[in-house]
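Trainee: Chains as they are written, first to last, in the numbering used here: chain A, 3 to 172; chain B, 10 to 411.
To be clear, the hints were calculated from the coordinates, so they are not data collected in a lab.
Computed from a prediction, not measured in an experiment: that's the story for all the values here.
Treat the hints with care, as some may be off.
[As the list claims (entries may be wrong)] Covered stretches of chain A (in silico footprint by chain B; criterion: 3 or more residues with CB under 8 angstroms from a CB of chain B, positions within the stretch not fixed): (1) 8 to 15; (2) 50 to 61; (3) 66 to 72; (4) 99 to 112; (5) 164 to 171.
[As the list claims (entries may be wrong)] Ranges of calculated distance between the beta carbons of each label pair, as one might list FRET restraints: (6) A:Gly118 to B:Gly232: 30 to 40 angstroms; (7) A:Val162 to B:Arg288: 17 to 27 angstroms; (8) B:Gly114 to A:Arg79: 54 to 64 angstroms.
The beta carbon of each residue, even a glycine, is placed where N, CA and C say it ideally should be.
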Amino acid sequence: MSGAAAVLAAVIAAWNPPLVASRRAGLDGRRWVGMTLAAAATLGVALAADPILDALDVSAPTFRSAAGAVLAASGARWFVGPRPKPDDGPPLVLGIVDVVTPALLFAVTATTASSGWGVTATGVVVAALVTAALQRLPLPPAVMPWLTRLVAGGALGLGVALIYAGIRAV
Amino acid sequence: MTAPSHPPVRRIPVRRRLASLGVAWLVAAAVLRVTMLAPEQCPPFAATDARAAAVAAIDWVAANQRADGRYLYEYQRRTGAASGAYNLVRHAATTMAVYQLVAAGETRYLEAADRGLGYMLERMVPTGEGAAGWAEPGDDIQLGAVALLAKALLVRREATGETGYDGELRAVGRFMVGQQQDDGVMLESWLAGSAAADPTRRSRYATGEALWALASLHDVFPGQGWDVAAWRTLDYLSLRRDDEERLFPNPWPDQWAAYSLGQMATWGLADHHIAYARRLAAAFGVQVRWDAQRGGGIASMTHPPEPRGAGFGTVLEGLGSLGILASHDERLSDLDTVLAERLVCGAARLAAAQTGGSDTVGDDPLREVGAWFRNDVTRMDDQQHAASGMLLAEAVLAGVER
Chain A
3 MSGAAAVLAA
13 VIAAWNPPLV
23 ASRRAGLDGR
33 RWVGMTLAAA
43 ATLGVALAAD
53 PILDALDVSA
63 PTFRSAAGAV
73 LAASGARWFV
83 GPRPKPDDGP
93 PLVLGIVDVV
103 TPALLFAVTA
113 TTASSGWGVT
123 ATGVVVAALV
133 TAALQRLPLP
143 PAVMPWLTRL
153 VAGGALGLGV
163 ALIYAGIRAV
Chain B
10 MTAPSHPPVR
20 RIPVRRRLAS
30 LGVAWLVAAA
40 VLRVTMLAPE
50 QCPPFAATDA
60 RAAAVAAIDW
70 VAANQRADGR
80 YLYEYQRRTG
90 AASGAYNLVR
100 HAATTMAVYQ
110 LVAAGETRYL
120 EAADRGLGYM
130 LERMVPTGEG
140 AAGWAEPGDD
150 IQLGAVALLA
160 KALLVRREAT
170 GETGYDGELR
180 AVGRFMVGQQ
190 QDDGVMLESW
200 LAGSAAADPT
210 RRSRYATGEA
220 LWALASLHDV
230 FPGQGWDVAA
240 WRTLDYLSLR
250 RDDEERLFPN
260 PWPDQWAAYS
270 LGQMATWGLA
280 DHHIAYARRL
290 AAAFGVQVRW
300 DAQRGGGIAS
310 MTHPPEPRGA
320 GFGTVLEGLG
330 SLGILASHDE
340 RLSDLDTVLA
350 ERLVCGAARL
360 AAAQTGGSDT
370 VGDDPLREVG
380 AWFRNDVTRM
390 DDQQHAASGM
400 LLAEAVLAGV
410 ER
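Same shape as in the complex, but just chain B (with noise of 0.2 angstroms):
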C-alpha cells in the first residue's frame, strides 16, 4: 500500500504570517485615522453660544447697510474692495434672516430688517390678476426673490404681530401659483418683457422656496388654497425634481425642501415625503461628519474643502428643519437625536470659523467682525444662512418646542 501522492506544498511559516498580519494592521490603522477614520471634533457649544453667533452676524449685516436698505454684498478684507455686484434673492433671504433674530428676541435688529424690507416693497410690480412680484425696475421678476419677500413678511408678521403687510403677503402669494405648473413644477422667472412665466428656466433653489412660503402662507390663512400648491411642489419634490432637472448630487442637499418639509410637519406626511426627507437628511448629516473630521494636519488635506458659511449654514438649517420634522412624525424619530447632535456639532464649528474682534487682518473691522471669510472673501449670504442655522441650533440646544 502506497501513501496518496500529493504535490509539494511550500508551508508559509507563522513567523511571516504574524509578520504580514501586523503590517497589515499598522499600515490599515495609519492610513484610515488620518482619512475615513479621522477623529469627529465638536467643539463643546451652548444655546449662548449660538445666540451670539447669529447675533455677530446679523450685526455685521446691519452695521454695513446702506441708507436704501441694501446690504454689503460682498467684501474682500485684504483689499477693502467691495464688490458692486448685487443679489436680489440673497438680499429678501437677508431680510428674513435679521426678521428671524428678531422673531427671536433680539428686536433691536427691526428698523434695519424693515429697512430692507422697504426695499422690495418699493419695487413691487403688480403681474396681473391680483398677483404681484418685485425685481429692479425693468427687469425680470424671480421666483426666489418673490418667495424669500413672502417669507420675510411672515416672520416679521410672526415676530411683531403686526397685519398691515397681509395684501402684500397674498398678492406675492399668487404670483408664486402662478409659476407653477400643473405637475407641481415652479418656473423660476417672469420676463417683464412679455409679461409672462419664462417656461424654459427652472431654478435648483427658487422651487423650494417657494414651496416653503406657500406652506408657511397655508399655515397662517388657513382654506385659501395655498396647501393645493404646497402638495403639488413638494410631491415633485419628493418624487421627480432631482432625476428630472438631473441635479447632483442626488439627492440634493436642499435646505428650502427641508424647511418646506418642516413646516408641513403636521400635514399629515404621505411615507414618500418622509422617505425624502430621510435621504436629505443623510445628504446633511454627511457634511458635517466630513467637515469634523477636518481637524488639524492630514486630516485637513484629506478633508477638502474648508466650507464657507453660506454652504455650511445651508447644512444647518438642513438639519434643524429636519429635526422639526423627526420631533413630529414618529416615522423619523429614530432620527432626531442624531439629526439634533449633527446640528450642534455643525454649529459648533461654524461659529468656531466666524471672524471675532481680535481676528481682524484689514483696515474696517466693522466690515469683518461677525463674518465669514473663505479665502479672504465674505458675502452677504454667508451671515445670512449661517444666522439662520444658528437659531435653529439654539433652539435644540435650549430645549425649546420646534
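Same shape as in the complex, but just chain A (with noise of 0.2 angstroms):
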C-alpha cells in the first residue's frame, strides 16, 4: 500500500475519528490542545520512522506488515467492543490518551516509511479535522456508534491490506 490515497485511509482509519469524538464530552479547550500535542507528537514519531525501524534491525516491509496486524486487531477490538463512553479526568491527559494509541503510532511510522512524511502528515490532520467536525455536528446519538464500526471494518481491511503490502514487497 504506497498510494496517497491509501496512506491516508490507514492514517484516518487508524485514528478513527468517530470513536475519539465519541469519548469526548463537551468542547473541552485543554482536551483539544491534548489532542493536538499528541497529533504532534505523533508526526515527530513519523519523522523518526527510519531511526525507529533501523534501532528494531527491521525492514520496512516488515514494519509495515506488523502495523498492518496492530492496525487490523484494533479495528476487530473497535467493531465488536463495546460502545465508546465518555470519559473523566485531566481533560489535557485524556486528549493525549485519545490519540496517542499503538495503531495510530504503527500506522504512521509505516506509512512514513513507505510513503514519506507529507502524505502521513496529511493523514494525521484530516483526522483531527474530521474528529472536530464529528464533534460539533449535531448527530442523532445513534449515529456515532455506527460511524465507529464503520471506521473499525475500514481498519480491519485496511489493516489486512497493509499485512499483504508488507508481503508483497521485497
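Bring the two chains, given one by one in their own frames, into a single complex with the hints.
Mentor: And the structure:
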C-alpha cells in the first residue's frame, strides 16, 4: 500500500475519528490542546520512522506487515467491542490518550517509511479535522457508534491490506 | 425551563484508560517482537566470504565425484549412508555450477566439471531433425536435464573460450524448441517409446530452465531464431503459467525465470515482463526477511522452517538475477539497492549454516565439509544452488559489473 489515498485512509482509520469524538464530552479546550499535542508527537514519531526501524533491526516491509496486524486487531476490537463512552479525568491527559494508540503510531511509522512524511501528516491533520467536525455536528446519538464501527471495518480491511503489502514487497 | 434529559452515562476514569492503554502497548510490543517484528539479523559478509562459501561447496561436489562423472547425490551424516537415488536434472545443474566457479577463476575445478559433462555427453540421444537430448539408455528425456546441459556447455564456453561443443549446443537447442508449444508452454518429457514429446506433462522447473538456456543461446548465437522461442515462453511465464498450472504461491518463486529475465535484461523487455519481475522480486525478498527473523529463542519457533541449502540457494539465485535486471532497466531501479541488500543478507545467513571443518559429526569429513545439512541430510543440489547464489552475491559485494 503506497498510494497516497491508501495512506490517508490507513492513518484516518487508525485514528478512528468517530471513536475519539465519542469519548469527548463537551468542547473542553484543554482536551483539544492535549489532542493537538498528541497529534504533533505522533508526527514527530513518524519523522523518526527510519531511525526507529533501524533501531528495531527491521525492514520497512516487515514493519508494514506488523503495523497492518496492529491496525487489523484494533479494527476488530473496535468493531465488536463495547460502545465508546465519555471518560473522566484531566482533559489534557485524556486528549493525549485519545490519540496516542498503538494503531496510530504503528500506522504513521509504517506509512512514513513507505510513502513519506507529507502524506502521513496530511492524514493526521485530516483525521483531527474530521474528529472536530463530528464533535460539532448535531448528529443523533445512535449515529456515532455506527460510524465508529464503519471506520473499524475499514481499519480491519486496511490492516489486512497492509499485511499483504508488506508480504508482497521485496 | 428544565434541563434536557439524557440517559445517565457511566464515565471511564482516566486511570483505567491509561492502564488499558499501557497493557495494550506492552502486549502488542511483546507479541510483535517475537513474531512479526522480530529483528532481522544479517551477519557481516564480504565478497571473499561469498567466494569461500562457493569454493567450499564445490569442493564437496568435486571431492565426492565418482570416476564416471556422477556426483554424490544424497548423504546422511549420522549413519554415513549415501542414497542410491540419482537425478539427471540435478546432475546437469551441478555441472553448470562447477563451470560457474571455473568461469569465476577457480580453474582447478575444470577437470571435475568436464567429467560431469562427459557423463551427459556419453548419454546424448538424437531425437530427429538435428536435435538431441540426453538420458540414461532407454529412458525418457527430461527437458530440464537438456536445458541445464545447454547451460553447462554455455558456461564452459564462456569460461574456456573453447567452441568445440557448439554442435552439441545447437542440437540441444533444437530439442528444446521441439518441446515448445505455439503458446510458449514447454513440455517436460520426450518419450523414448514413441519418439515424441509427451503432451500431458509440464514442469514448474523445466519451463524456466529451458527459457534461460534458449535466451543464453541467442546471446551466443544471435540471428538463429533462439530469441523467438525465448520470447514466447517468457510471455507464457509472465502472463499465464502460474494460473494455468495452478502453482502456489502465485507467483511461483521461480529462480529459473529470474535467471532468464536477467539474461534478457538488455533485450527490451515489455512492461508485463517487468511487472512479473517485480512480483518475483517480492516472492524472493520476503523469504530472506522471514529467515533473517529466525534468530534464537521464540523467534526461531515463530519463523519456521529452517531452510535447506537448495531452497535458500534458489532465493539467492533469484535475487541476484533480478538484481542484474534492475541494474539494467530503469523501470526497476527502485529495487536495485534493496535486491542487493536482501541478496547479501541471505548469502550471509546461508554461509553461516554451511558445515565447516569443526562442525562435522560423522566419520567422513570429506562428505560433510562445505555442505548444507538439514536433519543431518544433504543433497547435491544443496551445494549447487547455494554455490550459484554465492557467486551472484560475490559479484554484488565486489561491485562487479553484472
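Trainee: Against each hint, give a clear statement of whether it holds in the structure.
Mentor: Results for each hint:
Residues of the region 8 to 15 of chain A lying with their CB closer than 8 angstroms to a CB of chain B number 0, which falls below the three-residue condition for coverage. Residues of the region 50 to 61 of chain A lying with their CB closer than 8 angstroms to a CB of chain B number 4, which satisfies the three-residue condition for coverage. Check on the region 66 to 72 of chain A: 4 of its residues sit with their Cβ under 8 angstroms from a Cβ of chain B, so the three-residue criterion for coverage holds. Counting residues of the region 99 to 112 of chain A whose beta carbon lies closer than 8 angstroms to any beta carbon of chain B gives 4, which reaches the threshold of three, so the coverage claim holds.
Under the rule that three or more residues need a Cβ within less than 8 angstroms of chain B, the assignment of the region 164 to 171 of chain A holds, with 3 such residues. For glycine 118 of chain A paired with glycine 232 of chain B, a C-beta distance near 48 angstroms fails the hint of 30 to 40 angstroms. For the pair valine 162 of chain A and arginine 288 of chain B, the supplied restraint of 17 to 27 angstroms holds, since their beta-carbon distance comes to about 19 angstroms. In this structure the hint that glycine 114 of chain B and arginine 79 of chain A lie 54 to 64 angstroms apart at CB holds, the actual value being about 60 angstroms.
Checked against the numbered hints above, the structure breaks hints 1 and 6 and satisfies the rest.
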